[in-house]
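Asks: The chain contents come next:
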Amino acid sequence: MATHAGGLTGTRTVRTRGLQRGFGDRTVLDGLDLEIGAGEFVALLGRSGSGKSTLLRALAGLDRDVAGSGLIDVPEKSSVVFQDARLLPWQRVLDNVVLGLSGPDAAQRGRAALAEVGLAGREQAWPHQLSGGEQQRVALARALVSEPELLLADEPFGALDALTRLRMHELLRELCVRHRPAVLLVTHDVDEAVTLADRVLVVDQGRITVDTTIDLPAPRSHRQPQFLAYRESLLRALGVDQQKG
Amino acid sequence: MTASVLARPRTSAEALPARRPRRRLGPGRAIPFGAALGPLLLLALWAVGSAAGWLDSRTLSAPWTVVTTAGELIADGRLQDNLAVSAQRAGLGLAFGTVIGTVLALVSGLSRWGEAILDGPVQIKRAIPGVALIPLLVLWLGIGEQMKVTTIVLGVFVPVYIHTHNGLRSIDSRYVELGESLRLRPAVFLRRIVLPGALPGFLLGMRFAVVGAWLSLVVVEQINSTSGIGYMMDLARQYGQTDVIIVGLVLYGLLGLLSDGAVRLAQRKALSWRRTLAD
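These protein sequence lines map, in sequence, to chains A and B. Just so we're aligned, residue 1 is where the first sequence starts under my numbering, counting upward by one. Just so we're aligned, residue 1001 is where the second sequence starts under my numbering, counting upward by one.
No lab work stands behind these hints, which were simulated from the structure alone. Just so you know, these numbers come straight off a predicted model, no measurement behind them. Watch out, some of these pointers could steer you wrong.
Stated by the list, open to error - DEER-style ranges, computed between Cβ atoms:
no., chain 1, residue 1, chain 2, residue 2, range
1, A, Ser-48, B, Ser-1173, 50 to 60 Å
2, A, Ala-162, B, Ala-1127, 24 to 34 Å
3, A, Ser-48, B, Glu-1180, 21 to 31 Å
4, B, Leu-1037, A, Asp-161, 41 to 51 Å
5, B, Glu-1180, A, Arg-12, 51 to 61 Å
6, A, Asp-161, B, Val-1188, 26 to 36 Å
7, B, Arg-1126, A, Asp-25, 50 to 60 Å
8, B, Glu-1180, A, Glu-35, 50 to 60 Å
Don't be surprised by glycine CBs; every beta carbon is placed ideally from N, CA and C.
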């Protein structure tokens, strides 16, 4: 498995084989195979209940209480960004960022990470003093400060307003260009997926049914005809027929 | 007058329908020195009752008599001596009780085995009044300081345990998940997530504990004691000195109030990250 970020060399960062997860009688992941290359940005789309969050939690190792089988190969250095910023309310912003770090340079790295997400000067603020978008930026800083090889993001912008979400897209893309982690972004927003990802997957009934490489130059926008074509085919795969709507 | 208002050009503010002021649902702004208001009112009632002769001085001495008596007790050193002895007992009991309650709460809150073994006995202890244990403690430990401090410890550790345990268990599981996703070491998890998360509960427990320590003190000092405020009061009972008894009661009340206030102050300092109704 990949231990160093190569990006272009095609080394694998994530690999699952025959991943099976279920809650009671209900099978959520049904023999799912997935590979993510080093530095690759993958968006995972799916209707609610399709198993996309279950997959992310399986990769993050947060599903110990879920019955299942299959092979999972993920790097040791991986980080999770949740839908809620999940900052500890009793720790100041900087302490939240360096929560998982140890060593004498932790504070310095934390400060740098905060500066990267545009929050320099807010180190000593309490989380409740920040806006929702700022809190989510702190969460991004916390996830990236450990220089992960894999970033798992579970609808990280789902709770933000549209304007803030656009800014966060830009920020996330910049950060990924700089740090080159492999990314698995779970989202229900097709535009978000096409805007950000190198590859978009659609998961349905516990299997990956669509695997599309998005071949669009940056900056991507709705005005590009291919953007719309990707968007439409993905929406179709998700069972949304635009002609009818 | 109505007509003149109507005749004026309508501004945009007037065009809006009159709105009822929005009702504030929180308790509102803090009253300055609000905490002292209730006790002062009580004191005033007592003074008025004594001055008007509604209260017989043999039943309840007047506030000024109590003050004079307190002055005399201080002058001959009895008050300070007894207070020092009492404070030492309460302090020792509080210290041991807090440590024991906290450690038990951590063990029982963080491990299922710990809870299975510890929680039941603590709940049983909770159901037994402190007074009921004294005969047994006297047989085991005699009537010395050990027995007294132990009684206070038994009264103190229960609220600390109950509230710390409750605070610990009500830590949002999402924070536990966060800790797992960051692969926190157990020591870091304890220091950064468990302890601060349980702190509000612990401090609430401490508020019960400090007052409880003084309460247990009353009980132990009025049984087989030769020093302390409780002893001073018991002696006064034998000589019918209501004023001395009241001095003791006022002292207990003040001590309880002050120690509770100290914990509340600590609470406000330590929990400044919270945004609650209290602020």
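Asks: If a hint holds in the structure, say so; if it does not, say that too.
Replies: Comparing the hints with the structure gives:
In this structure, Ser-48/A and Ser-1173/B break the distance hint of 50 to 60 Å, their C-beta atoms being roughly 21 Å apart. With their beta carbons about 57 Å apart, Ala-162/A and Ala-1127/B fall outside the hinted range of 24 to 34 Å. Range check, Ser-48/A to Glu-1180/B: Cβ separation about 24 Å, and the 21 to 31 Å hint holds. One distance hint, 41 to 51 Å for the beta-carbon pair Leu-1037/B and Asp-161/A, holds here, with the actual separation near 45 Å.
The beta-carbon spacing between Glu-1180/B and Arg-12/A, approximately 24 Å, falls outside the hinted interval of 51 to 61 Å. Judged by the Cβ atoms, the range 26 to 36 Å given for Asp-161/A and Val-1188/B holds: they are separated by roughly 34 Å. Take Arg-1126/B and Asp-25/A: their Cβ atoms lie about 43 Å apart, and the range 50 to 60 Å is violated. Distance hint for Glu-1180/B and Glu-35/A: a CB-CB separation of about 25 Å, inconsistent with the stated range 50 to 60 Å.
Checked against the numbered hints above, the structure violates hints 1, 2, 5, 7 and 8; every other hint is satisfied.
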